[in-house]
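Protein sequence lines, in the order shown, are assigned to chains L and X.
Okay, so the first sequence: first residue is 1 according to the working numbering, each after it adds one.
Okay, so the second sequence: first residue is 1 according to the working numbering, each after it adds one.
Derived from the structure by calculation, the hints contain no laboratory data.
Any given hint could turn out to be false.
[As the list claims (entries may be wrong)] Calculated lysine-lysine pairs in the DSS-like style (CA-CA distance at most 27 angstroms, straight line):
(1) X:Lys-96 / X:Lys-85
(2) X:Lys-8 / L:Lys-227
(3) L:Lys-212 / X:Lys-3
(4) L:Lys-231 / X:Lys-92
(5) L:Lys-212 / X:Lys-96
(6) L:Lys-231 / X:Lys-132
(7) L:Lys-227 / X:Lys-92
(8) X:Lys-88 / X:Lys-8
(9) L:Lys-231 / X:Lys-207
(10) X:Lys-8 / X:Lys-82
(11) L:Lys-227 / X:Lys-207
(12) X:Lys-3 / X:Lys-207
(13) L:Lys-212 / X:Lys-92
(14) L:Lys-227 / X:Lys-132
[Said to hold, decoys possible] Selected chain X positions facing chain L (in silico; Cβ < 8 angstroms):
(15) Leu-55
(16) Asn-75
(17) Lys-92
(18) Arg-94
(19) Glu-104
(20) Thr-107
(21) Ser-108
(22) Phe-109
(23) Val-112
(24) Glu-121
(25) Phe-210
(26) Gly-211
(27) Pro-319
All C-beta atoms, glycine included, are put in the ideal place defined by N, C-alpha and C.
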Amino acid sequence: MVPTILVLSIVVFVIIQLPPGDWLTSYVAGMRAAGDEVSPERIDILRERYGFDQPMHVKYFKWITGIFRGDFGFSFSWNKPVGELIWSRMGLTLLVSISTLIFTWIVSFAIGLYSATHQYSIGDYLATFIGFIGLATPNFMLALILMYLSFEFFGYSISGLFSYEYANAPWSIAKLIDLLKHLWIPIIVSGTAGTAGLIRILRANLLDELGKPYVVTAKTKGVSNLKILFKYPVRIALIPFISTVGWTFASLISGSVITAIVLNLPTAGPMLLQALKTQDMYLAGSFIFFLSILTVIGTLVSDILLAIVDPRIRYK
Amino acid sequence: MSKLLEVKNLTVNFNTAEGIVRAVRGVDFEVDKNQVLGIVGESGCGKSVTARAVLNVLASNSEIMNGEVIYHKNNEKIDLLKLDKDGKEIRKIRGKEISMIFQEPMTSFSPVHTVGNQIMEAILLHTGLDKKEARQRAISILEEVGIPEAQSRIDDYPYQLSGGMRQRAMIAMALSCEPSLLLADEPTTALDVTIQAQILDLMRDMKEEFGMSIIIITHDIGVIAEIADQVAVMYLGRVVEEASVDDIFYDPKHPYTRALLKSIPKITKKDQKEKLLSIEGTVPDAYNIPSGCTFHNRCEEYMAGRCDKIQPELIEISPSHKVACLLYEKEGD
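My request is simple: use the sequences and hints to build the entire structure.
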């Protein structure tokens, strides 16, 4: 795992340096567009101050050793250390992602189970229909519709994660309640597509498993249908479910950028996008590096869970 | 001998996308206490469906159209098909009174639970034993069926056992609650020949030890010769002949039974080489069952104008020998 993360850090660093130019060139271009001229002396001073003139491997070495000391580098456009910027963003991002993941799992598990055990019933068709609509609707579209409906009928704005008065306030019970009031929208918006997909996966897996001979064996032992369902087919049908945790998690964080922008969420997505546009390399690099680590951790967690659920893949 | 199970006029249909398949069309047979009934027939003749219908554990696209399955529990007669197929009463019979083993022990065990877990499940369900006692019972039954080091093997997963061991474990699971009847659906088909003989020996020993009856379903007439007392020959969803094992082998009446016996390879001396006979044609499509006697288009003794018109009933031609063939029906019947 450690070598994987080290290799990842190199790849991340190379990728964010790949676009021509650096933060300084986009800064100067931005200033010029605004009508300001930056003197060449000032550019040289800035270049030296931020170390843009050093070769890539030196910059990488400085960055990676800094990370081990808890120093993620400096964000040029925010004029703040990256560490300060990303912690609050990452925290909220994790909160939204994990809640979305839990929502996705619970809803898709319940509906998928129902769909498979009542195949071709009205309920199954309804779930399939809603599922495909959920899969086909772009998230930002759903976000816009929900925002419109909420503003039109309930008269309050649901964008962001906090109401205006709590946005910069310290944590309190009232702030938490306010957060919960706002949280359900991003959960639904970024969760529907995943839920719809998982419903289909679980339904297909379960239908496969329900016809397996071991289900008949359990029946001939006199075990009740409900007990059979949960002890045998559900457990085996969950295996592909679990193995997707790793990348589901990362895609929940990075995939919801458009939603986050539309809903004005203070999560990692929009900030990452902004950082990439302005070539704010340490900020963008730290974000991408974090997402990579989360993916690696997600994969590790799913591997451990898989080994618990399926004895056939345990190491001997 | 007293009866244990009677199957009367059992009729099962499958609803498939291509149409209705009449898999079992009015099957009758009986099993006495401590008797081994062999049901033999080609693939697709409805023998496995018959076995599953006894416990009412058929696939969801099948439907039992007609018939009775009467189980004699002490002096009580229970029609298993009248019980709710997911209800409590039949679940008390499944696994405890009547249990079942299958062709493929690998897929018939859940791959993600230990063998012991799956054996104990039945014991915990049907007896008052607690977990520890159930484990002891599972170990002793595994020893009984000849699994070495049952103490540690009980915690193995099915994939860790060999094919023969798995089938032994399957038998142990079926016998764990000492049932009166064991339904064995092709129990030796997936095993190699030496293991087959061992499993058949084991089943015979267990039958003596527990005093139970067995219905063994097979397409292998050799297996029938090994183990069965009474034999029912099935063709396209019907029993065409039912007799004692000796009568089936030495005095077969139905042309299909005779043809089956002729198509067994024999070990002969080099100079007496005979050509292996086979039955003409193939088993008809189950969607278009022939009229009259379903065997008429492959039969060597086909009587035009009769066999393709009249469906013969199973009639008794001597005590304990029944045959469904127009050759044995009296003229004018």
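Kindly indicate which numbered hints from before are broken by the structure, ordering the numbers from low to high. The structure breaks hints 2, 3, 9, 11, 16, 25, 26 and 27; every other hint is satisfied.
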